[in-house]
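There are 2 protein chains.
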Amino acid sequence: MADRIKIKKEDDLIGWYNQVLLNSEVVDFSDIKGFSVYRPYGYEMWELSMFYLDRSFKEKGVKNAYFPLLIPESFLSKEKEHVKHFNPEVAWVTMGGDSLLDERLAVRPTSETIMYRSYSKWIKSYRDLPMLINQWNTMVRWETKETRFFLRGRENLWQEGHCVFATEDEAIKNTEDMIKVYKNFTEGVLAVPVLMGFKSENEKFGGAVKTYTIEAVLPNHFASQAGTSHYLGRNFSKAFDVKFLDKNNEWQYAYQNSWGISARAIGIMVLVHGDNNGLVLPPYIAPVQVVIIPIINEKSEASVIGYSQKIYDLLKSLGVKVKLDERREYSPGWKFNEYEMKGVPLRIEVGENEVKADKVSIKTRFNGKKEEMPFEALNNISEKLSQIQSEMFARAQSIMNSAIKVEKNRESFIKTLKSGSDIVKAAWCGNPVCETSIDKETGASSRLIPMAEEELIDKKCIFCDDPAKYNAYFGQSY
Amino acid sequence: MADRIKIKKEDDLIGWYNQVLLNSEVVDFSDIKGFSVYRPYGYEMWELSMFYLDRSFKEKGVKNAYFPLLIPESFLSKEKEHVKHFNPEVAWVTMGGDSLLDERLAVRPTSETIMYRSYSKWIKSYRDLPMLINQWNTMVRWETKETRFFLRGRENLWQEGHCVFATEDEAIKNTEDMIKVYKNFTEGVLAVPVLMGFKSENEKFGGAVKTYTIEAVLPNHFASQAGTSHYLGRNFSKAFDVKFLDKNNEWQYAYQNSWGISARAIGIMVLVHGDNNGLVLPPYIAPVQVVIIPIINEKSEASVIGYSQKIYDLLKSLGVKVKLDERREYSPGWKFNEYEMKGVPLRIEVGENEVKADKVSIKTRFNGKKEEMPFEALNNISEKLSQIQSEMFARAQSIMNSAIKVEKNRESFIKTLKSGSDIVKAAWCGNPVCETSIDKETGASSRLIPMAEEELIDKKCIFCDDPAKYNAYFGQSY
Chain U
0 MADRIKIKKE DDLIGWYNQV LLNSEVVDFS DIKGFSVYRP YGYEMWELSM
50 FYLDRSFKEK GVKNAYFPLL IPESFLSKEK EHVKHFNPEV AWVTMGGDSL
100 LDERLAVRPT SETIMYRSYS KWIKSYRDLP MLINQWNTMV RWETKETRFF
150 LRGRENLWQE GHCVFATEDE AIKNTEDMIK VYKNFTEGVL AVPVLMGFKS
200 ENEKFGGAVK TYTIEAVLPN HFASQAGTSH YLGRNFSKAF DVKFLDKNNE
250 WQYAYQNSWG ISARAIGIMV LVHGDNNGLV LPPYIAPVQV VIIPIINEKS
300 EASVIGYSQK IYDLLKSLGV KVKLDERREY SPGWKFNEYE MKGVPLRIEV
350 GENEVKADKV SIKTRFNGKK EEMPFEALNN ISEKLSQIQS EMFARAQSIM
400 NSAIKVEKNR ESFIKTLKSG SDIVKAAWCG NPVCETSIDK ETGASSRLIP
450 MAEEELIDKK CIFCDDPAKY NAYFGQSY
Chain E
0 MADRIKIKKE DDLIGWYNQV LLNSEVVDFS DIKGFSVYRP YGYEMWELSM
50 FYLDRSFKEK GVKNAYFPLL IPESFLSKEK EHVKHFNPEV AWVTMGGDSL
100 LDERLAVRPT SETIMYRSYS KWIKSYRDLP MLINQWNTMV RWETKETRFF
150 LRGRENLWQE GHCVFATEDE AIKNTEDMIK VYKNFTEGVL AVPVLMGFKS
200 ENEKFGGAVK TYTIEAVLPN HFASQAGTSH YLGRNFSKAF DVKFLDKNNE
250 WQYAYQNSWG ISARAIGIMV LVHGDNNGLV LPPYIAPVQV VIIPIINEKS
300 EASVIGYSQK IYDLLKSLGV KVKLDERREY SPGWKFNEYE MKGVPLRIEV
350 GENEVKADKV SIKTRFNGKK EEMPFEALNN ISEKLSQIQS EMFARAQSIM
400 NSAIKVEKNR ESFIKTLKSG SDIVKAAWCG NPVCETSIDK ETGASSRLIP
450 MAEEELIDKK CIFCDDPAKY NAYFGQSY
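Respectively, the protein sequence lines represent chains U and E.
Under numbering that gives the first Met the number 0, the residues of the first sequence are numbered 0 to 477, in order.
Under numbering that gives the first Met the number 0, the residues of the second sequence are numbered 0 to 477, in order.
Just chain U, same shape as in the assembly:
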């Protein structure tokens, strides 16, 4: 039931976003704050995401497994930075049936602790390494801030990879490889450009040595973290006794990492690409890539349906996700709105004229362009879809680039961050105390430090005048 969107994207981004997601039947509210219902149309985008990501993981030798949903409180407490990070936002199971439990059980906020307990039993020798394990599941974090579909939920669809290595080099390489897998996914499949780098001391994961991140820029120029990969060093292997006999028959603590991406990436894609008519889906993540809508009058019915079916059969045989909507209960105009709302990349209208001329009329969702082409030209539909994918990415990339401001002036730095009008790139000392002061004064945080070494924008820190250590991106975020 495609209600039109009443809130404009440029007027109220989150109001618009909620309307688009609800009207396009991607998600719905449940009766519990922060717990979304993923409707079939939205869940199919997550299934496609899982398909692409899972294939990339398996190409790197990663295997899937499944670890318990509930984690004893004592496990979470074993790594001291980790427990500090997560305890305030844990949902606790305290009763089983009518009985009080002896120990509270956390509903999985993340699985480092319970997985590494198993790893310590399984890993005995260098021959057991590397151990590369991933799981697809949901995690629960009892957010006290305002929750939002995909971007910040109390329950979140995600995957968490947890790998163990004999050497630091292998561990760091894999940690960096996985953030690149995420970048390839968001850019290649979601057509969402991202910045890639590592987090500051304040922003890194509880228990990590170094956190790598990819960050997207939203239409309001807020930053949004789209995936992270944590190098854990031996912090957890020492806490959980994950060690192995090396080739010299000596016990060594192992090097570990963990990496995760959640359905938040889909929310970011919706924010980046959607417009005031609804979703605008890049072809590679669209559950339906082409919709065919027959326009029928009594006289033309048989020939129009026949021709529509012929188009459907051709596209199907080419491996395109195509839908033919023949329903009589809805008018063509209603269907046009419906599939615009649902962001279907290409719409083919079939009427008497098309049948007679053996042609097709196609409308491209993302730029509104209408064109006619001979039936035979449909054989190139896959090229057309990948062309749309590229153009959507290029458009998003130029918007992202225009949202980043390189800054050398302290007053201007503060003013921009306070207003949230841009992402700011500046020379920075990297000091956690400095970062806390920036946060206090502007409400913004450092988003990332580029992975590759860059020439410094300035010799001194933009905020505290200490010597600059690297360039960093700062910005507001949800």
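It cannot be assumed that every hint is accurate.
Identical copies carry no separate label here, and so any pair may be met within one copy or between two of them.
[What the hints assert, rightly or not] The calculated lysine to any residue pairs, modelled on SDA-like cross-linking and capped at a C-alpha distance of 20 Å, are:
#1 Lys315 / Asp274
#2 Lys369 / Val354
#3 Lys62 / Trp135
#4 Lys322 / Arg54
#5 Lys242 / Ser29
#6 Lys57 / Glu46
#7 Lys62 / Glu43
#8 Lys57 / Lys315
#9 Lys315 / Glu58
#10 Lys32 / Leu100
#11 Lys315 / Gly429
To be clear, the hints were calculated from the coordinates, so they are not data collected in a lab.
It should be emphasised that the depicted structure is a prediction, and the values quoted were computed from it without experimental measurement.
For this one, chain U is given, so just place chain E on it according to the hints.
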């Protein structure tokens, strides 16, 4: 690390079962009772199961979705038989961070209530029906009985389908279709024969009008429920206000069903097919279908590895799940044990003789048969695998048939059920009071009543002498 199995299958079925599952690295204990860890080798069997089942569901028009993990207590209470059934075994979340929650939240024991709350919002008209939705997730039931890997856990991997229809006929047809999908899966993929029918009043699902079931017979002649499909009538649609405007513009309550199969089916497969050397996997569920083990001495090394690789490449190109184990740290003998333990259907040994004669030596796991064949014969490997699949099913079916005893004598009926030595088929009145008495006297329950009408074994009930209504299967179960 393949420790040999010390407990024999015929001496202690569950002791043997646990050893096989642990040694073959299918599952492991976690530190919480009833919560298993699914290791990569075991989880891959579940991934294959999901793949086959999901395809069958989608062929019937079912879409996947995801609903919240946590369910308000008030939802569970809305359907009175349902709450009676589930409340004693619910894990309750009572705290979020440091705060006590206003209302307890159940960790999903099953999702009828939370899904139908959404359905009541989404369904407005006959045009919205049928609505066919499935979700893959885990459910938690706080079992107080002894828990067992796969067969009875507190957390269980499964899927739950929940469909809504305008008419009773469509709803019943789909309910029966889905139990047949499960039968096709257990018999066709797991090579586990099952009995199919419906449950007695005592044994049906809380809130169902009729529960369909498939039941496998374990080697100790206990029965095990492998999948169920529940026709819910309008019990839930009335409790959750799931109604639609029909073509005459009148409000009608909808007809519903729900159907689920869990990873228990994998446990049953292990019990049915395994032997005293470990797992014995039917080819269609085996993560590795063929393992190639080169037997190397210094002289022959290059040619043996080359020939092994040639076999690997051929099998790979034929779409076979093949593994070449070239590791030097383990001896061929160690590897033979390892892959027998892991139940790999076919093992190919490659030594100097094989290379010279351009032949292969193959051992079939399930019957221990060794044979030699020319290299070219490997082109027929898929036929060989499907032959093994059929033979394993046929063997299991004849064992199942021999475990079923048709009974007319009351004393003998009671004696057999008490001892659990066989599944008993007998004429029965179908009265819940009679069933409760049978349970009290024998500890066994009715397992199912065949779907198709059958000639009655006797005119009167085997237990209470009332007129018999149908034939029923009785047996012990875990």
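Structure-inconsistent hints, enumerated in ascending order:
Of the numbered hints given earlier, those the structure breaks are 1, 11, listed in rising order.
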